[in-house]
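Going left to right, the sequence shown walks through residues 1 to 522 as full-length UniProt numbering numbers them.
These are computed hints drawn from the structure, not numbers from a lab.
Values in this document were obtained by computation on a predicted structure and should not be read as measured data.
Just the calculated beta-carbon pair ranges, DEER-fashion:
1) Ala-239 to Leu-276: 49 to 57 Å
2) Ala-300 to Ala-482: 16 to 24 Å
3) Ser-173 to Glu-376: 40 to 48 Å
4) Gly-238 to Arg-330: 53 to 61 Å
5) Ser-302 to Asn-274: 36 to 44 Å
6) Ser-145 to Arg-505: 44 to 52 Å
Ideal Cβ positions, reconstructed from N, Cα and C, are used throughout, including at glycine.
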Amino acid sequence: MASCINGGELQVRVVSRRLVQASDESLRPHVLAVSNLDLLPQTIQVSMFCIYPKPPTSAGRRFPRRRRGLRRRLAVVAQPLLPARRPHRHQPGLRPPGDPLLQPRPTLARPTAAAISMTSSRPSPPALPSLLNHFFPLAGRIVTSPCSGLPEIHCHNQGAELVVGEADVALASLDYGAVRASVGKILLPYAGDVALSVQVVSFACGGFTVAWGTNHVLVDGSALSMLVGAWSELARSGALAAGRSTAEPRPLRVPPTRRAVEFTPLDDGERQVNVLTSDESFVARLYYIDAAEIARLREAASRDGGALAARVQAVSAYLWKALATAVGARDERCRMVWWVDGRRRLTSSPELRAAMRNYVGNVVTFALVEATPLPEVVSMVRHAITEPAYDERFQELVDWVEEHKTKRYMETVCIGLGSPSVSVTAFASFAYTDFGFGHAAMALPTSSSHASRCTGFVQIAARPGGDGSWIVSALVWPRLAAALESGEVLGRIFKPVTAEYLGLRPATARPAKWEGMITSKI
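Could you put the whole structure together from the sequences, leaning on the hints where they help?
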């Protein structure tokens, strides 16, 4: 039976919700332990959300009516392809016994964002069951172990969720600046134990959205991007890249004591911000930065005659100055945190570098700076990101979690006590959102709200298609949002995302307005 989800002007009607299993009967049920680094994030739901305009007519074929066409294409997605091929033990879909992150669980690996086989021009497009053969854990369930109290993955082929929805509005009619009233209403809820929920929502204009929902205990942001990219690769080429060699496990050591100050137990109520304060202190914004503005920031942030500042460094320096402007004289210090992907920074051996290249799981740590605002902001940013010895840092993290895994922790800097802090994470490339009908207009990682976090959070994602612009999802204090929008620092760099910018409506001279912006999390 169809049902409507979310109130207000935008309503998504759920047409169907079903489970799709892996088709390879040789895959045996098993229980998968998560790695130590997977235990650091809270078990919160995360997703990759993509917007696609109406697909063009291809090869003389017109797309059928929205409902009939969507159901027909999804029937292809859910239908198993035979014969199914069992993943080779060295393919990226399996973690080897010598897992470099000290846990012997198979990884999800490169994989699938399934529903999009819908319009592939290939005569036999890969289906979701075949994709689940490559990463069987995504067809499982996230369960808390009654013995250890830790999350684990029950890989019993319970099935990935495939949800089909419809919205009787055009994509161009949505106010993308008001995140909760647009993106927040398109994303559909799914059970907390589901490892993969693929959600396809069609719109009256013929465009559609696709969301790949999972859980942070399974993937970090880079791994989530790899899932979408690998499915695009599979849809376009019919195969995934060959597997990589693996590294030998490293022994545990005595955990360093300095880690104790970097994490705070979640059951320590006296060191938490109450949920009402954290919920009501922030506004959600969706901005974009033109490629020309990024180039201008790089020029402004670079020393005379020196090398250009990296894009993330230059934008981070701008954010730092905006934060300092918002804080003013009320606090002498402010903090910025960068979430760093360890896949390219773990360099202790060629084997480890190769093993981490396609690793799907959690391999992130943070670099933190707390200082009085400095004129040489870019140098400070560059030093904070590049100075740590990441092989040592990740090993320390793994060792520390091994000694503290019976409790849940949060990064102390993210709680919100002390000087204001903003954390930044960047997805500088989205090369693989084309599944045969063009790049997505927008690809955006999202996460469910969670209590006790009272720090600014900024996600930077490259706009698919390679025009050089960036999309910025920001959950920040109203005063910081005002500083970004006023252009007090180097002019107005951050502009509101609009349907015109996304190519969903012809550009007009009408300026974007901020009226009606929301004051709650995505």
